[in-house]
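> When you get a sec, could you build the whole thing from the sequences and use the hints?
There are 4 protein chains.
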Amino acid sequence: MKTYKIYCAGSFIETDTPHQVINPYTREVFARTWLAGPEELEQAITSGKQAEKAMKALPSHKRHQILMEISEGIRYRRRDLAISLARQSGKPLKFALGEIDRAVQGFLIAAEESKRLPREYLSIDWTPKGEDMEGLVRPFPVGLIAGISPFNFPMNLAVHKIAPALASGNPIILKPARSTPLSVLELAEIIDQTDLPAGALSVLPMDREAGNQMVTDQRIRMLSFTGSPSVGWKMKQQAGKKKVALELGGNAGVVVSSSADIEDAVNKCIVGGFAYSGQVCIHAQRIYVQEEVFEEFTNRFIEKAKKLRKGDPLNDDTDISVLIDQHEANRVEQWVNEAVEQGARILTGGQKTGGYYEPTVLTGTKPEMKVCSLEIFGPVVTLEPFGNFSQAVDKVNNSNYGLQAGVFTNNLQEVNMAYEELEVGGVMINHVPTFRVDHMPYGGVKDSGFGREGIKYSIREMMEPKLLIKNKDF
Amino acid sequence: MKTYKIYCAGSFIETDTPHQVINPYTREVFARTWLAGPEELEQAITSGKQAEKAMKALPSHKRHQILMEISEGIRYRRRDLAISLARQSGKPLKFALGEIDRAVQGFLIAAEESKRLPREYLSIDWTPKGEDMEGLVRPFPVGLIAGISPFNFPMNLAVHKIAPALASGNPIILKPARSTPLSVLELAEIIDQTDLPAGALSVLPMDREAGNQMVTDQRIRMLSFTGSPSVGWKMKQQAGKKKVALELGGNAGVVVSSSADIEDAVNKCIVGGFAYSGQVCIHAQRIYVQEEVFEEFTNRFIEKAKKLRKGDPLNDDTDISVLIDQHEANRVEQWVNEAVEQGARILTGGQKTGGYYEPTVLTGTKPEMKVCSLEIFGPVVTLEPFGNFSQAVDKVNNSNYGLQAGVFTNNLQEVNMAYEELEVGGVMINHVPTFRVDHMPYGGVKDSGFGREGIKYSIREMMEPKLLIKNKDF
Amino acid sequence: MKTYKIYCAGSFIETDTPHQVINPYTREVFARTWLAGPEELEQAITSGKQAEKAMKALPSHKRHQILMEISEGIRYRRRDLAISLARQSGKPLKFALGEIDRAVQGFLIAAEESKRLPREYLSIDWTPKGEDMEGLVRPFPVGLIAGISPFNFPMNLAVHKIAPALASGNPIILKPARSTPLSVLELAEIIDQTDLPAGALSVLPMDREAGNQMVTDQRIRMLSFTGSPSVGWKMKQQAGKKKVALELGGNAGVVVSSSADIEDAVNKCIVGGFAYSGQVCIHAQRIYVQEEVFEEFTNRFIEKAKKLRKGDPLNDDTDISVLIDQHEANRVEQWVNEAVEQGARILTGGQKTGGYYEPTVLTGTKPEMKVCSLEIFGPVVTLEPFGNFSQAVDKVNNSNYGLQAGVFTNNLQEVNMAYEELEVGGVMINHVPTFRVDHMPYGGVKDSGFGREGIKYSIREMMEPKLLIKNKDF
Amino acid sequence: MKTYKIYCAGSFIETDTPHQVINPYTREVFARTWLAGPEELEQAITSGKQAEKAMKALPSHKRHQILMEISEGIRYRRRDLAISLARQSGKPLKFALGEIDRAVQGFLIAAEESKRLPREYLSIDWTPKGEDMEGLVRPFPVGLIAGISPFNFPMNLAVHKIAPALASGNPIILKPARSTPLSVLELAEIIDQTDLPAGALSVLPMDREAGNQMVTDQRIRMLSFTGSPSVGWKMKQQAGKKKVALELGGNAGVVVSSSADIEDAVNKCIVGGFAYSGQVCIHAQRIYVQEEVFEEFTNRFIEKAKKLRKGDPLNDDTDISVLIDQHEANRVEQWVNEAVEQGARILTGGQKTGGYYEPTVLTGTKPEMKVCSLEIFGPVVTLEPFGNFSQAVDKVNNSNYGLQAGVFTNNLQEVNMAYEELEVGGVMINHVPTFRVDHMPYGGVKDSGFGREGIKYSIREMMEPKLLIKNKDF
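Chains as they are written, first to last, in the working numbering: chain A, 4 to 477; chain B, 4 to 477; chain C, 4 to 477; chain D, 4 to 477.
It is possible that part of the hints are untrue.
The list cannot tell twin chains apart, which means a pair is met if one copy fits it or any two copies do.
Unchecked claim - Result set (EDC-like, lysine to aspartate or glutamate): computed pairs, CA atoms no more than 16 angstroms apart in a straight line:
no., residue 1, residue 2
1, Lys246, Glu464
2, Lys475, Glu424
3, Lys118, Glu137
4, Lys398, Glu424
5, Lys449, Asp220
6, Lys59, Glu134
7, Lys56, Glu424
8, Lys449, Glu426
9, Lys475, Glu423
10, Lys65, Glu134
11, Lys5, Glu31
12, Lys309, Asp322
13, Lys59, Glu423
14, Lys118, Glu134
15, Lys398, Glu423
16, Lys97, Asp319
17, Lys373, Glu331
18, Lys369, Asp397
Keep in mind that the hints were calculated from the coordinates and are not lab data.
Quick look at the structure:
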């Protein structure tokens, strides 16, 4: 069985705590790694702090070179990385390949942005007091960063921590999810081959004690977390003086106006609703369709949902596979059943087979049902009709969350209203909320998050501007 | 009779060439001023060159203060300035007041932008060669500027030369149109009260010789011209090493889609088509209406065109008055008659009374008729139907000009197509091409111009970036 | 005796808790106001939440107009406001006038910046997935803000909360210091005359219970605090999901290189060291002078420190007056005495007379003494020699704080080293750390703060970017 | 003998006019190519115009990919390209390799910038008139471009036309110098392998008739010329309505202050003065050294100048070789001799051997001598002392040219004065005027040029902003 040493302070090591990695489709242990405890974390922090100076001193051509080498390294190992990813996470191979491609992009963007850090050159002479003075603002790296990434994008959501950290000249300790730690360790192998200053990166699956300690340790200057809302908001409280970025979940809404291209809307909603069994922060969970086209949309949508191919994630043509573990499959089943008991109707799906839960479409739901109000994180979509566009906006906004929303329309007024009124971080016109490219600002409002990611935006968060004012004349 | 001395090198002077100013409505001489000849131009150039240093040295709080005082000075004299403007130009008072308000805005924007000149702070270390170096780019004033402004916006188009020139730290010589020189001379009185360095502004109505000389003189570093295409493009050729900005004319098109709010479109097209008798660079000359709504649009448009109140520009409720002179009225009449001979039909208007030409709507025109292909600069509009949107875009593009275009639609696809395909400097959605606010980038493509105006954009044109590279470490 | 009603939800009201305002120089109560309790806070929050919509909807010309009217209103009442400020705070009149002038500037800048909110227009097509799509990012107001301002700049540090809040379209509740609440209430009178939507501003001196409640209330979306580090960092922990900006204190360092203009350095250090008795966050507390010029600097500095005119803050020529209260004077005395016991020498000053503490210069100090390591917030300066420039940088950095630093030098290498190495938010070349203009980014690193202020920068913090992605072609 | 077909409208072709390429060191014909005449130019223009649409339509990921492939293609053929370049131009191999590396960079930067075209998203509601409206500005390709590049950087100065043209979505016709046409033809081979739309690039060495025609043809929308001032300024006059960018020459000055690191200054001045025998637009021609260090600088400079290794450009260790042709060598000799006759002294050099002219240092020159006032374009440097820094600035400014200047100093006041007062496009602190990295803004003032190059800046020049204004609310 393959073993993966963890990457601590620039070395691949083993610890006293072995950790098994399970293939959720076969339910077999297929790899072994180790968990870091407080001792290894301490090493990682110490070496991270020591690396701050060398990281800060890297000229931009050097940062660029390192990040380009990583991007190319990932591209070179593309298929292997995708297979490993699929095996850990149960993510169908075609989506796993897409995720690896995004990691390639992520480091490419980081390489480019590392040369374009936001600088300002300011007039200071707006008052007589500042006459003959001028100012510069250059961002400096904030210092050692801790990143925490979830299971559902084992590679790409770690890339969204590591790439901007390195681009901004910061060391980073990355804690991957325990169920899917291998992709980032494979990434660490690639990074280890570059000229990155020693100790600037650690990738540590952690035991609980180390995990907690990392959140509170004051030597760490920033915490970037992607995961569940409850955990995230608590971390903000415990983080002390450090900066915090939270990318949490949601129950994203989609609005389909009667002016839209229905075929296009259906196709995209199928992907947004069922890709990776809905285990996606911006999963298209709640779809609102204008009455005039509700029946048409619904029929087509159900038809396509039924055609999704179930199977082994390692097959090239699998569309949908098992959930990450049995516990999750049970939870999804329970939420759907509860909804049905409260009056919802199942249009398709609703069956669980082991860890697999069918693509499921509900209608007749009420906003307070769990399938509507909480993050389902499963292959479940609610379909509801609406009358006028303004009502649809209200329905989407009737949520504690606000990550992204999708709006299918060809009506300019509706575009404007959607952008003005939807309480979310991003509005996608003629696309699902699930749309994301890696250089766009990404993040939620309300309970869905704090701050913005997206390589360029993370880089800004990971830097501290320093002002220089000087006399320009004598 | 009131006399207006001209403003030469910081003094109000008389010359050997008196000049009469005529009220085009009454056809009476109502004021006297003087024309500058080569001698006065030489004085203005000499003092302008001397003022370059003092202008460059003004701290931004001082530039701001001067420009704010001008803005407030204009506001304070608002009504008097509007009456004077209306009297020179025949522009109805309500539009004259609007023009003065825009002048207030123009200097306000210039005041604000004078503190926000575009500066850059650059990483130089993108290659090993530039390691440990960094760069700054600050814009420096280009030097003495010549501005030439036309009769149709006697105040505001001069403001678009003077305000950015002062904001960018440049002296300027402004040559107003001979028919409407008084507004800028009144503005000079206001500016003369401020702390502007002596000799930094001259306002000189000129004889032909001085005018030509100003174009070719190499001490002048930039020429900013608003006027007719034929004159403008010739100046570009004669300008030698200096920079040139040309704001020329056009035969702006409007597209009204069946998805539009027709009432709104009609109302705006009435203003765009007939305000100041169409003597506007971005006059809505050619209106294309989708077949389904052509009749409705046409009926409403004609009805409103007929209701426009004709009269003395000094009356508060006059909508439309005489053209700038008899020659122009004759020319407009001739072009319309020629179109009719070639098959066009007059839906309303078509009559000339002295210098007044009725609001006129033509249909059945052909693209090669003068009323379509040239700039009519009169109260004449052509109305033609179109089938699909793409054809309307082609019709608008079938022109040597490309200043602005208006598109009334509520269809997102049409918005996108209009923006991608229309060959113009600006596309106005649900507005006429005549729309302009003073801080937006303004200017044409094809034969309509060269470069962009709009206070912030003019300021950039009037400055020369200078790079500083220095070592940042040792 | 003059009474000042507090400004709650758009009305001037009294409460059950009267509050006396004392002139620290005469020690007399000279005015009365009231403290808000939980009930008034609830009203302010309720009306603030209701005003969110109206504030968001203000077009920029309206925001600009309101803010300009406030700026002009302050300018109009300049001298009265300064006298009131001086009377509450003991701040000598000439500095009080300067503070009012800065408030005029603050609202002017806010007016200008309200028209220039940071927007982005993004290419989305960096990958095939985003082909034919484009993105917009517009900032939206974050929602109701709570501002807490300290006693030492009773007007201007409140302006740094209120002006950016209004400019960014947010309602705000401002809690001034209890000892100096009147200036902001006077400001509220000015603001009350404008068209600001009802209930968008409350100015509430508060009792402890209301104060605590404001920090934790989740309807408030952002907390902007200026005050002491211990209070500030605790608030960050209690703030829940809201954004937090902290502007805390420091023990700012100054470095005087032998290449500097010593006379200039002395003059500026006198102001930076003793203005308002050092009760300034960026008070020049620790001055390090290169050995070659240490004696010369010290002699001149002491000479000038001795000449500072003590007296009633309301006298035009008073340079220095009493501290804010007796408790503070005692504390300063105690810290100095403790330093002397531990080996420091007093070069001038060291005497307390009632609430007045003399301008005091110490040498022979050690970094761990309170006068060095903590924020003295009194008219006390330490003067110490250094050998080479790099050592001086280390001395300044040997602190838990990092707000601003001043460096007097004419040596380019030293400028570079200072900017690269000093651990502060801002480095002032040939100026004291006390330098601040209101549009520059301002804020500290280490224990000195979290985030940046300065009108434009605060506005950014007070807004939430929302992304719109749309197809650009069809 | 190797033959190089020319690249016309996407095909490698021969014409009726063969053209021989000479190795200036051996004086032998070593390759053959062809000259395009009016007929081939017509083909190139026609296909260029046709390619405008396809170029405009390329999504940014596609532009990025094409440009990255070109960059990598150049890197792959690095040594071969450098040898070919050295053979045509007589440029020593080490400099030729550096030039190829810059070409790699140029396309890399262009790839990156093609994704970051400058876009604006504007508030329009600064006045009531613009309420509820917003604006976008996207740059559109200007259309077919003509580039003319000189002999001295056969590859890199062509890259500065081609790379930004492609990055901005424009077709381009490139006319290389007749003496060094091969490098760009080799580049065309690389580009031909990519997915660039057919006919978007032509590389045509031209006969005189075609060359003239290209300047005046109105289908070409922009002319970007690098070459001699007299030719350039005349083109501006003949260019009609098209945009013009001129990168011309100069007689760049260097100032060495007594505060500078003399050794560093000498080393850099040797490179700036003699690299490629001074056949560089930003050749360090006039060196002014402060009196206190004049002797020291002069001695070291002469010593190093004497050590430069003369030889075959194809040898790895050759520092200096022949001029581009005999005519040039004769001209340089004549200018130096004329200077000596008028009183200048030769400190080293002054001898011609065939096409080789020795590294030559003159002193005792007068500003009006050709070696001072004109662009020498040869390995000749004048060394003169100065008293105070302000005088040195005047000496540098005493020129018709203003490209770049170098200033060696460690004095902050001198840095400020240099930046404020030097009349040039770029000031290099502690570096020679010869310093250039390919992403910096580059270009001259006075007679040295018109506009700015440097990939990002050229891209801006090659695009036309188009404004979209739309209502944002209904």
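> Next step is simple, just say for each hint if it's right about the structure.
Evaluated hints:
Taking the shortest alpha-carbon separations for Lys246 and Glu464, both the intra-copy value of 8 angstroms and the inter-copy value of 14 angstroms come in at or below 16 angstroms. Taking the shortest Cα distances, Lys475 and Glu424 sit within 16 angstroms of each other only across copies (12 angstroms), while inside one copy they are farther apart (46 angstroms). Proximity of Lys118 to Glu137 under the C-alpha cut-off of 16 angstroms is restricted to the inter-copy arrangement: shortest distance 12 angstroms between copies versus 24 angstroms within a copy. Proximity of Lys398 and Glu424 under a CA criterion of 16 angstroms is satisfied intra-copy only: 11 angstroms inside one chain copy versus 37 angstroms between copies.
Taking the shortest Cα distances, Lys449 and Asp220 sit within 16 angstroms of each other only across copies (15 angstroms), while inside one copy they are farther apart (27 angstroms). For the identical chains of this complex, Lys59 and Glu134 are inter-copy neighbours only, at 14 angstroms across copies versus 33 angstroms inside a copy, given an alpha-carbon limit of 16 angstroms. Proximity of Lys56 to Glu424 under the C-alpha cut-off of 16 angstroms is restricted to the inter-copy arrangement: shortest distance 11 angstroms between copies versus 45 angstroms within a copy. Within a single copy, Lys449 and Glu426 get their C-alpha atoms as close as 8 angstroms, which meets the 16 angstroms cut-off; across copies the closest is 34 angstroms, which misses it.
Proximity of Lys475 and Glu423 under a CA criterion of 16 angstroms is satisfied inter-copy only: 8 angstroms between copies versus 44 angstroms inside one chain copy. For the identical chains of this complex, Lys65 and Glu134 are inter-copy neighbours only, at 10 angstroms across copies versus 38 angstroms inside a copy, given an alpha-carbon limit of 16 angstroms. For the identical chains of this complex, Lys5 and Glu31 are intra-copy neighbours only, at 13 angstroms inside a copy versus 65 angstroms across copies, given an alpha-carbon limit of 16 angstroms. Taking the closest pair of Cα atoms, Lys309 and Asp322 come within 16 angstroms of each other only inside a single copy of the chain (11 angstroms); across copies the shortest separation is 66 angstroms, beyond that limit.
With identical chains, the CA atoms of Lys59 and Glu423 are at most 16 angstroms apart between copies only, with a shortest distance of 10 angstroms across copies and 40 angstroms within one. Taking the closest pair of Cα atoms, Lys118 and Glu134 come within 16 angstroms of each other only across two copies (12 angstroms); inside a single copy the shortest separation is 32 angstroms, beyond that limit. Taking the closest pair of Cα atoms, Lys398 and Glu423 come within 16 angstroms of each other only inside a single copy of the chain (15 angstroms); across copies the shortest separation is 34 angstroms, beyond that limit. In this assembly of identical chains, the alpha carbons of Lys97 and Asp319 lie at most 16 angstroms apart only when taken from the same copy (6 angstroms versus 51 angstroms across copies).
For the identical chains of this complex, Lys373 and Glu331 are intra-copy neighbours only, at 14 angstroms inside a copy versus 57 angstroms across copies, given an alpha-carbon limit of 16 angstroms. Proximity of Lys369 and Asp397 under a CA criterion of 16 angstroms is satisfied intra-copy only: 14 angstroms inside one chain copy versus 50 angstroms between copies.
Hint violations for this structure: none, all hints satisfied.
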